[in-house]
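Once you have looked at the hints, place chain B on chain A.
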Amino acid sequence: MPDEISPSQDAPGGDPKSAVAHGTLTNVSLPGTAFHPSEFDVELSQTSLAEADELLKSTLDEAMREVGGNRAFLAIIDTQDGELALRFTAGEGWTDGIRRLRVNMHAEQGADDANRWDALSDMPIMPRPSGVRQGITRHVVANGRRYWTGDVASDPYYIGFFNDVRSEIAVPITARGGGTIGVLNIESPQADAFHEEHANALSVLARRIAVIVAMAEHQLREEALIAIGKDLNAAADIDILMQHVVEQATKILRADDCSLFLLDDDDATLQLRASHGPLHQQAGQSAAHYAVGEGLTGWVALNGEAIRVGDPRTDGRWKGVFMEAPAGEIASVMAVPVRSHRGTSGVLRVVRHRKGSLYFLPQEFTQADEDVLVTLAGQLAVAVDRTRLLQRLLNSERMAAWGEMSARSAHMIGNAVFGVKGHLNELTHLFNAMDAESKAETPKWDESRFLLESITRGIYRLEGILGEFRDFVLATQLHATPHDINQILRTVTAESFPRHSNIDLVLNLSPGLCPVMADEAKLKRAFSELIENSVDFQPHGGMLTIRTGIAEADTLRELARGQIHCAALQIEFIDHGPGLSEQDRQRVFTPFYTRKAKGMGLGLSIVKGIIEAHGGAIREIGDAETVLSSASASGRVAGAHFVVLLPIHDEEKAKAVQSDAAN
Amino acid sequence: MGKILVADDEDDVRLSLERRLAREGHSVSTAASQAAAIQCVNEADVAFDVVLTDMLMESPSSGVEVLKATLARDVFTEVVVLTAYGNVANAVECMKMGAFDYVEKNIPGVDVYELICIKIEQALDRRRSSLSTVRKLEQFARFQERRVEDRSDTKSTPE
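Same order as they appear, the protein sequences are chains A and B.
Okay, so the first sequence: first residue is 0 according to numbering that gives the first Met the number 0, each after it adds one.
Okay, so the second sequence: first residue is 0 according to numbering that gives the first Met the number 0, each after it adds one.
Excised from the complex, chain A in its bound form:
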């Protein structure tokens, strides 16, 4: 390798004698885009880039001619590695080796090794000034101001590629947001070749270059968004898909991190579902959540509007609950709502870190950035909706299969148990029929007799478990016909409420309630479970009040949580038992949860299953009497308070019955 390159030497990269500039934006990490086109599975069309390349080359030529230089280059910051790269060159003597030169913009100013062009290993080492010169190009980028020198040899900043250079002029290329994204640099072998008018002329061209680069960026973003959209449509696993989106958003928006929060099923909390950076480990954990309205992210979910802020600490809404980086290191935050057909379903947010070394790049997110994030959020919303729908479909199919299998198993086990029970009955009969003489002759009669009784008890227990299991499985299979709910309650209390008990039963049934579509046997099962429950928890006596009426709109809204969209009957079971703790209240309807010694703990989950199969809802509200204003009259009691809501589908009939009742 030669120690220096003579300007007359032929360079492999192009004909030095031709004035045509050389270079391309392909594979550049543009400041606004921060990704390489090659990172996408889908091939981006190169036409938009080729167009930009041509424009930039001709602009560079124009610039060189305008100011009368013999060489020119355009260096653009590669935001992936923070290096200033020579993208386009014009004039004589350029080699591919020189074009591969980079200057590291991340490096701290003043450090020795920062003051050089980082050469690739096979590069000819150019005459490099000793000392602390940092290079004109780097100086201009760092300061964002134009610079020219008429005598490079004595210039404190100059680091050169070529020996014949005497004068050099450099103007920054400034992005719309105000940051410097590159440098336009012209050299001349003449001393004192450049002056202010040259700088002015070049500034005009630098603005044009900025526009061309922005256009290329814009096109790249657009194509990347389309590519991501295609990816999203192909992704089947929601978690992979969400992670994919945050990764891509981080890249496209030149952000340092991106996180996705989705509302959980009850729409009350935002769960962290995916993140590019350190929060990634917490994704999917229930602990990582915001309440709707809490912090910036919660605000976005609550208001359905996007936000862009600088240092989040300066914003009153900021809570700093989950952060991608320590608060002091976050330079800017942008968050947009993820909107699906049912409203806001989550929040997608990106952050940029405060970086000392890249301070010249714009840190604030722009409207264009917001548009990109909104587009991504939109694509994500569609994908999330679709995946949820698919999941629900798969789940319901699987549940249907489980239900079918459970019902069949229960039936077969029931038949077998029934047969065994018959045999045991006959065996018991034989034992009982034996006279004293036969008993004496039968070896170990007493022992056998004891075993028989144990087996019989076991079989009866098995049958009990089976019954509970079958009720659970069959809870949702209804044969609904119109029924008077008061009549069902009268029957069920007559059947299920113990005849001799020190618990007072108060039936407070509003007359003239319209009929509801109900499976009588199932509803009776549900109500009797609630009654038995109440009786079991008041062993030393007490009171059970059963009340019916039309649910008020407030009650419906608060308790049905969007599950009932029409008028509803309200059936309450209020007792003077110990009531439920907040913890019990959360879990009382979940299967296998029991506070009783016997049974599988399916009782209240069966009740819930039956009520929900009727399109209704059930809640335990304890002494939250404020919900039901009418209840306050009866005084506050700490016992359990179950509220069942059953929809009245036939509104016409509902009104008719009500007016009948009034007459």
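Any given hint could turn out to be false.
[Claimed, not checked] Cross-link-like lysine-lysine pairs, in silico, DSBU-like; alpha carbons within 30 Å at most: (1) A:Lys523 x B:Lys95; (2) B:Lys95 x B:Lys67; (3) B:Lys95 x B:Lys135; (4) B:Lys95 x B:Lys2; (5) B:Lys118 x A:Lys523; (6) B:Lys118 x B:Lys2.
[Said to hold, decoys possible] Facing chain B, according to a computed beta carbon distance under 7 Å, are these residues of chain A, among others: (7) Ser405; (8) Ser408; (9) Asn424; (10) Glu425; (11) His478; (12) His482; (13) Ala552.
Quick caveat, the hints were computed from the structure, so don't treat them as lab data.
Glycine included, every Cβ here is placed at the ideal spot set by N, Cα and C.
Quick look at chain B alone, frame taken from chain A:
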């Protein structure tokens, strides 16, 4: 005391029901399927007093088919249907079509065999009472016929 057919595809159920009902003093036949039960009903020299049939054998409505065949053979044969616990819809259908009653097989905590024996006694009572009513009606009809004949005899007798 009664002539009873037990139809159930579960061997254990058939065996223990046969044993129990025989112990109660009944004469018991068994059939292991809907088809066998219908054949039994049709080929019996004397119609059964009570048919005790499982609802679900070859098909979910086997009990209904056995019921139909039984009533076609002798409208006064009583039919008791066995159902799985909690599956009452079909049984109610049978009741509408003339079954005497239905019994759920796995009622928690209940000795269903005892219940079946009671139902069968009740069914036998009803059959006896039905048959006796029919006999009385026949006697009454014959009596009426005779009176009509006597009267016409008297009338046709020339003075």
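How the hints compare with the structure:
1. With a C-alpha separation of about 22 Å, the suggested pair Lys523 of chain A and Lys95 of chain B falls inside the 30 Å cut-off, and the hint holds.
2. Of the pairs offered as hints, the one joining Lys95 of chain B and Lys67 of chain B holds, with about 12 Å between alpha carbons and a cut-off of 30 Å not exceeded.
3. Pair hint Lys95 of chain B plus Lys135 of chain B holds up; C-alpha atoms about 27 Å apart against a cutoff of 30 Å.
4. The hinted pair formed by Lys95 of chain B and Lys2 of chain B meets the criterion: a straight-line CA distance of about 24 Å does not exceed 30 Å.
5. About 24 Å separates the Cα atoms of Lys118 of chain B and Lys523 of chain A, which keeps this hinted pair within 30 Å; it holds.
6. Only pairs whose Cα atoms come within 30 Å are accepted, and Lys118 of chain B paired with Lys2 of chain B is accepted, the gap being roughly 14 Å.
7. A cut of 7 Å between beta carbons decides the hint on Ser405 of chain A: the least distance to chain B is about 12 Å, and the hint is violated.
8. The closest approach between the C-beta of Ser408 of chain A and any C-beta of chain B is roughly 12 Å, which is over the 7 Å cut-off, so the hint fails.
9. Taking 7 Å as the C-beta cut-off, the interface hint given for Asn424 of chain A holds, the closest approach to chain B being about 5 Å.
10. At about 5 Å, the closest approach between the beta carbon of Glu425 of chain A and any beta carbon in chain B falls short of 7 Å, and the interface hint on this residue holds.
11. For His478 of chain A, the interface hint holds, since its Cβ comes within 7 Å of a Cβ in chain B; the closest pair sits about 5 Å apart.
12. A hinted interface residue such as His482 of chain A counts as satisfied when its beta carbon comes closer than 7 Å to some beta carbon of chain B; here the least separation is about 15 Å, so the hint is violated.
13. Of the supplied interface hints, the one on Ala552 of chain A is violated, with its beta-carbon coming no nearer than about 36 Å to a beta-carbon of chain B, more than 7 Å.
Checked against the numbered hints given earlier, the structure breaks hints 7, 8, 12 and 13 and satisfies all the rest.
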